[in-house]
Amino acid sequence: MNVRDAFFYALCALLLGLAVLTVAAGNLFRAALALLGVLLCTAVLFLLLQAEMAALAQVMVYIGGIMIFVLYAVLLTSELGGRMPAPSPVKMLLGVAVAAVALGFLAGLAQKTGAGAAAARARMHAESATKESAASSADAEAGVNIASLKTLGQKLLDPKGFLIPFELISVLLLAAMVGAIAVARQGGAGVRGGSEPGAAAISVKDQGGAGAAESRGAPP
Amino acid sequence: MTLAEFTPLLPDLLLLALALAVLKIDLWSEDGEAGFHLTWIGLAGLALLLAFGSRSDAVFADYHITAASRVWKLLFTLATLATVFLSRPYFRAGGNARGTLAKSGAFFGLLLLCMQGMFALVSAGNLIVFYLGLELATMPIYALAAYQPRDADSAEAGSKYVLMGGFSSALTLFGISFLYGATGSLGFPALEAAVRAAPADPALWGGIFFLLGGLGFKLAMAPLHMWAPDVYQGAPTPVMAFLSVASKAAAVAALATLFLSPLNAVRPDLAPCFAAAAVLSMVAGNLGAMRQKDLRRFVAYSSVAQVGYMLLAMLGEGDGSRAALVYNLVTYGVTGFALYFIMGVIGKEGPETMSGLRGLSRRHPGLAVLLVLCMFSLAGVPPLAGFLGKFMLFSAAAAEGHYLLVGIAVANAVVSFYYYMLVVKEAYIAPPGEAAAIRLRPLQIMVLWGLGLALLVLGVCPAPADWLARAAGN
Amino acid sequence: MLSEYLSFILYGFLVVATGVGAIALSSLLGPKKTYSKVKFEPYECGVDQTENPHKPFALKFYTFALLFILFDIETIFLLPWAYGFKRLLHTGTLPAVLFFLVLLGLGLFYIIKTRALEWE
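Protein chains in written order, with the working numbering: chain W, 29 to 248; chain H, 25 to 498; chain A, 129 to 248.
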């Protein structure tokens, strides 16, 4: 066992512990913090796999953005001091059963894939003994990290690569923005001030004061 | 690359430009009138372009423009156009008893962006474009479902749809990752070859399992349909219309895109799965619809039953199934929208419920006749559009020898006749209150006549069906 | 393989170690308190506490957080491009990136125009 393997196993142990804590912690805030740790460990796991982009997205979006959002949601909804009621034993048993089935399936799959990969490696070795030039080119190909930021930048902008998904993502983000604003502003100044006098009057009443209505009076 | 090579892509690019223009115009126009007119004119133009424009196929890396995709796109465009017309009174003060919707510009913009996702979905040539299209086709609806201002039901519908949609997207993505792991490719042609080479790979089946789960949620297929009634009921009626026709069509298209081409090799093994889902959907939908008093909930259950009928076509052979699906969606869309416009009319004064239909035969006899036609068509009574749609689905399944299943479907259609007649009973026989006669707007009269005629023509005249079959079958 | 990210991992380790170390050290070296359950109970004029002082509270922040996440995701997708900027500039990929940027710019324009960023 070299340093890399030791590091991997330590990381996995930490990840699993935090994952269990996320589910088992009775306090919602602590569960959220444990989830943050899980995400961080996953990011390091991605780095170990040389998936730079995934690690980056994990840190920036999940830890930097989503987790903050989760914490705010916790602050908004829960009584921080209170403990959540424990789930019913039937549900727990069901959860364990589903997890066991999923684990069994994935373990079987991993074993099969591992065997397949070993066979492929053996085949490549056999080929490299006969055709050295082909093996060296394959090695060169294997040496390039296909998930590095550099190659990914190229692939994202390559018309034969991921150009169309890349542009679609911008449309998706635009739709998310417009949708987020539409929903977020529904409760407050949901009604246009000018076009409907009756409805505007209701919205003034809802705001509970002329001052609030004035500041929201301008149509969005 | 010259500009001429981009002409097959023109509808998709124009749609994006239209969406951006509608969003921008919303920032400056006070009443949203300009946005409405721009939207419907743009959509009508787009429909003409798709129907009579460039017929050449093209492939832009992972974006395939084919005749079949053009048919789907035309279907989405027409459904959105009908939704835009339907939403007209809902943005007017006093246009609907439930309350007035605001910010029509963002509403239309979101509808158009949603449509863009559906376009990408049917043009997808690889799993990433497919997933992004599916996501873009659902995400704007999260916001649209919660569009009724200060309405707890609508907020509930929005949050339920977000949760269910997010969950189903995650399932879909998980399934896609399994498919990639099993076959080592994202592109559909390579995927097809890999699936044909190793159809028994457990990783592949894991992927199919999760994909079916994810798409099943989006489709509101029976064991996964529990979100539909609440979301349909809470969402504003135009959004419900869009959900039940355009969004459903997109989900069906997603299913057809995956399982009729790249995963076609494993479809015979999946037949029991589709058959079970079909039967469950029909039974759950029909039993649920019987007890409903709210028309939007009623539509939700009835559409679950329709999904059951449509799943039958997944058992048939490729081209015939695709044509049957498209034709059934067209007839379902026409029938559905006729019903939704009637709901819009009665919703002006009262709630959109069964009891709101009371005395419709006196208040507006023409509307009552149209309602009867709708219900007959939904039940699949012969001279109407719904009959031919169902017939094509059933014959696609029967052609592959699934006679028992077709028998169950026919029995279900007969049962459904009962609750569709309950609606007619409300309009004709139930004692009317003292409601005034209904006056329709010119736009409503025009659309209602158009839909009514389409109901009759699509049922007796097989020419459009032929055309669709040829185009969609490719 | 690991050495590529060694500095980064070491950095992360240092960050965590500093945080944990500070807390651990202060609890080791700091004055020891005697703990008892009574000491932790809140005191309100001799009356037992009637409700939990930790209450959920409303924030206007969520719109900002939502939009922040969206732009965060955008940054993620621009990063690979920025990373290989010099090389990619000469391969005719500028229109593709511009399309992406213009669409997001229009989104930002829409956000500003609808006053979603104004603290009311």
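It should be emphasised that the hints constitute simulated quantities derived from the structure, not laboratory data. Treat the hints with care, as some may be off.
[Said to hold, decoys possible] Chain H side only, calculated, beta carbon under 10 Å to chain W, not exhaustive: (1) Ala45; (2) Leu47; (3) Leu134; (4) Ala144; (5) Ile152; (6) Gly182; (7) Ala221; (8) Pro223; (9) Asp225; (10) Leu311; (11) Trp473.
If you're wondering where the values come from, they're calculated on a predicted model, not measured in any experiment. Virtual Cβ for every residue (Gly too), placed ideally from N, Cα, C.
Verification of the supplied hints:
| no. | hint | result |
| --- | --- | --- |
| 1 | Ala45 | violated, 13 Å |
| 2 | Leu47 | holds, 6 Å |
| 3 | Leu134 | holds, 6 Å |
| 4 | Ala144 | holds, 6 Å |
| 5 | Ile152 | holds, 5 Å |
| 6 | Gly182 | holds, 7 Å |
| 7 | Ala221 | violated, 14 Å |
| 8 | Pro223 | violated, 16 Å |
| 9 | Asp225 | holds, 9 Å |
| 10 | Leu311 | violated, 26 Å |
| 11 | Trp473 | violated, 30 Å |
The earlier numbered hints that this structure contradicts are 1, 7, 8, 10 and 11.
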